[in-house]
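Trainee: Protein sequence lines correspond, in order, to chains Y and P.
Numbering of the first sequence is given in our numbering, commencing with residue 1 and proceeding in unit increments.
Numbering of the second sequence is given in our numbering, commencing with residue 474 and proceeding in unit increments.
Please keep in mind that the hints were generated in silico from the structure rather than gathered at the bench.
Nothing here was measured: the structure is a model prediction, and the numbers come from that model.
It cannot be assumed that every hint is accurate.
Taking lysine to aspartate or glutamate pairs in the EDC-like style, the calculated list, with each CA pair at most 20 Å apart, reads [to be verified]:
id, chain 1, residue 1, chain 2, residue 2
1, P, K758, P, D647
2, P, K760, P, E615
3, P, K822, P, E811
4, P, K670, Y, D138
5, Y, K66, Y, D138
6, P, K586, P, E548
7, P, K665, Y, E7
8, Y, K288, Y, D138
9, P, K663, Y, D138
Next come the chains, spelled out residue by residue.
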Amino acid sequence: MLFHSFEFLSLLFLTFILYYLFPKQRLILLAVANLVFYGVSGIGYLFIFLAISTISYYCSTLFITKHKRFYYLAAIIINLSNLAFFKYTGFILRNLEMMLKLNFPWQDSFLAKIILPVGISFYTFQLIAYIVDVYKEDIKPCKSLVEFWVFIAFFAQLIAGPIMRGKEFLPQIEGLTLITYKESRVKSGLYYIAMGLTKKLVFSDMLAPRVNYYFSLGNQLGTLDSWLAAYLFAFQIYFDFSSYSEIAVGIGHLFGFELAINFKTPYLSSNASEFWKRWHITLSSWIKDYIYIPLGGSRRGFKLQCLYLVAAMTLSGLWHGAAWGFIIWGVYHGLLSLSHKLYSKWLKKYNPSFIHSKLYKALSIFVFFQLTTIGWVFFRANSLGDAVSMVWKMISFTQINYHPIYIIYFAIVVGLCILHLAEYYLRKNGIVLTGTWRKYCPEYVRAAAYVMVVLILILFTQREQSSFIYFQF
Amino acid sequence: MIFIQSEASNKKSFSSVPIFFLIYLLLIQFLLVYIIPTDSIYDYRLNYDLVKDRPSNIDAVMKKIKKAIVSEGLEDYIVILGDSVAYSSPGPANTSIGYYMNILADKEGNRLKVFNLSMPSMQVGDIYTMLLKMNQYGISNENVIINVLYAGFVDRTPYPPPVFWMDYQLKKLDKETYIKSYLPHSVKKKSKFQALKEDVSNWLYSNVSILMYKDYIKEHIKNFVADIRRVSSAPEVIAPWYEKPFLKELLAEAQYQQGFSSKPFNMTVDNPQVDFLNKIFQLQKGKNTLYFLAAVNEALVEDFIVKDKYYENITLIDNYFQENNQHYVNFYNRIPYELFSDQVHLTSKGYEFLANELWLEISKWNTN
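Next up, chain Y with everything else stripped away, as it sits in the complex:
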């Protein structure tokens, strides 16, 4: 169910009204809304999700017994197996065939027809985080299965995050009946939703056809085209993914919930470490807390720390999808993180004065944005061959077929960068700007501005609803 679909808007409207009309029934209401929301994508997948959730819940309630470790491992293995079966079976079999030069008779079997259940990667990670947290006694287990279901399947963030943690979200669900209607909260919810819809409908959907066109040409692209394709995709995926997260946060606000912010203008990062604190924040903190630190983190020496870092980022790439492009993208980001670690070590040793200048910071942001953009080619290209060809042309500048039209195209990219800066400024000065807006702007002008936003959203809505990129993960 897409956020900008008739089905979803009906479900949201109905749930919102009933939520404030019947505060004592909120838990049941949200549980049913979650069932309807996920059930629309397929009853079979809903049953799988329900089964996995129920097993995880009951296992976590048994962590107080003496077989604690058994139930813990069982819950983790079941969750990972579910994810591996649906997401990686085809990929593993295909690669085994290639490596062993064999032909497994699986192409006609049901294995070849497996469709990835929507949101499986997100709910698996949220379930695992819950299981680990309860096992480590960082949080108490849920009091009821219904409460657990609302926590794990809240329809605003179920399909593409943010990946919520028990300690952040469970107390909010436990206090569900105490939430009162606050106009300021609803307003801020509508602000996030409007911002998310603008990013999706105005920017992401407008960039999508151009990006698809360029990447469909793959290895035929020259240097400038490859850069252009990569830049446009960098912004398309940012607008697309951050829009989903922002709408999720906005919907959370409508129901009185505080969901985690997933994006903080990531292309203004000056290094890999900063990037992952600004891009898909809930995934990177998950990777850090449940993979990188348990592996050893920085506790076992610098060399192992570097190894763990690359391994964790590779897993992050694999989480995105069962394809070598995603894995390479993960490794690439692992290597960027590693390089930054080494570079930081070197800087610490010599502490040159130029690193404190604004120019250095700006230069770092510029350079790192180019590096991030190169990485996106592996993520988006239709094949590994296309990705290698594009990246080679991007870095070697071997096929520059200049035409004056590129000035306009690259001006659009510069415009998108300026827009990113504007978003940063808005976020940083949000409270002051809101105050100024309300204080100095007459109400009839504010109303006109809100009407303009509505009109723009209506005008930009495409006839065919486009899905969110991250739904495929």
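Given chain Y, work out where chain P should sit, using these hints.
Mentor: Relative to the frame of chain Y, chain P by itself:
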């Protein structure tokens, strides 16, 4: 009275933002029709691409035509209804029969205006629905030209359905006919939820101005940007059929063959074409209505028709209109073959010729 809690002062204060917001929305609702230029919505004929993709876009056209009728104080005007022949495919709007007929009217100093509401693939049920829609918008059906095709009388399998574009509009305007005549031939079977969703969406697009004009505004902006960028397409030249060697091969395909079927026509009400035409006769009783049977380019299709039986069917159509005392013209063998651009459509000169012929026919009417 709406109060919001100011975050800074924590004082309750009156906010008129929602009231202004509603006022602006209402202004847009009522004034948008006056703001959007007429030629963005209707330019001698409707915009096929926009109506094809969203049939509810026809409402914007109807509203705009009604506005033109009122503002110009038109008393006599003619509406053309029909399929791609009346629409004048494949040429541009300024080579369509509506355009040529308006020029003829101007030349004769006639205040008569011609509105072309035809659309490619429009079936007889769509024409019937359009007449109901004209009534809904207060557009007179006093003078109407309707185009029919031989293929319209051929058995439907069930494709094409007798109501191709306007099923939602028919459902709203004449539910009984919709259930009786449309549903049995319906190609798409919809679930109740899907039907509800479509109903809500269609209602919104037919009644909320910003949605009604949304596609036209986008089109206007697109054309405006193209003008700024000086991107202009060269005027289309519609080549005659004999310059298109691929046409014979194309016509050999089953989907085209069906339209030339020589199987004897069922001229009873069991044939939806006849059933809907009978309804149209009832609606148009006492009005000026010209029906014309579009010709087929026999020089191109002769290999695909069994001539005797084909002409027997045409005689059945002729007889049917005569028996019902309708003003009817059969254009078979009246249009020179060199004026065809394919098997049924015409070149620019062909449409000019057709417009002249139609003009002569309607000169018998008591219009100014």
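Trainee: Does the structure keep P:K665 and Y:E7 at a Cα separation of 20 Å or less?
Mentor: holds, 13 Å
Trainee: Given the hint that P:K760 pairs with P:E615, does the C-alpha gap stay at or below 20 Å?
Mentor: holds, 5 Å
Trainee: Holds or violated: P:K586 with P:E548, Cα cutoff 20 Å?
Mentor: Answer holds: P:K586 to P:E548 is near 9 Å, not above 20 Å.
Trainee: Assess, step by step, whether the Cα of Y:K288 is no farther than 20 Å from the Cα of Y:D138, and give holds or violated.
Mentor: holds, 16 Å
Trainee: Within 20 Å, alpha carbon to alpha carbon, are P:K822 and P:E811?
Mentor: holds, 10 Å
Trainee: Take a quick look at whether P:K663 and Y:D138 sit within 20 Å of each other, Cα to Cα.
Mentor: violated, 51 Å
Trainee: Below or equal to 20 Å on CA atoms is what counts here, so check P:K758 against P:D647.
Mentor: holds, 18 Å
Trainee: Is P:K670 within 20 Å of Y:D138, Cα to Cα?
Mentor: violated, 46 Å
Trainee: Within 20 Å, alpha carbon to alpha carbon, are Y:K66 and Y:D138?
Mentor: Within the cut-off at roughly 18 Å; holds.
Taken one by one, the earlier hints fail for this structure at numbers 4 and 9, listed in ascending order.
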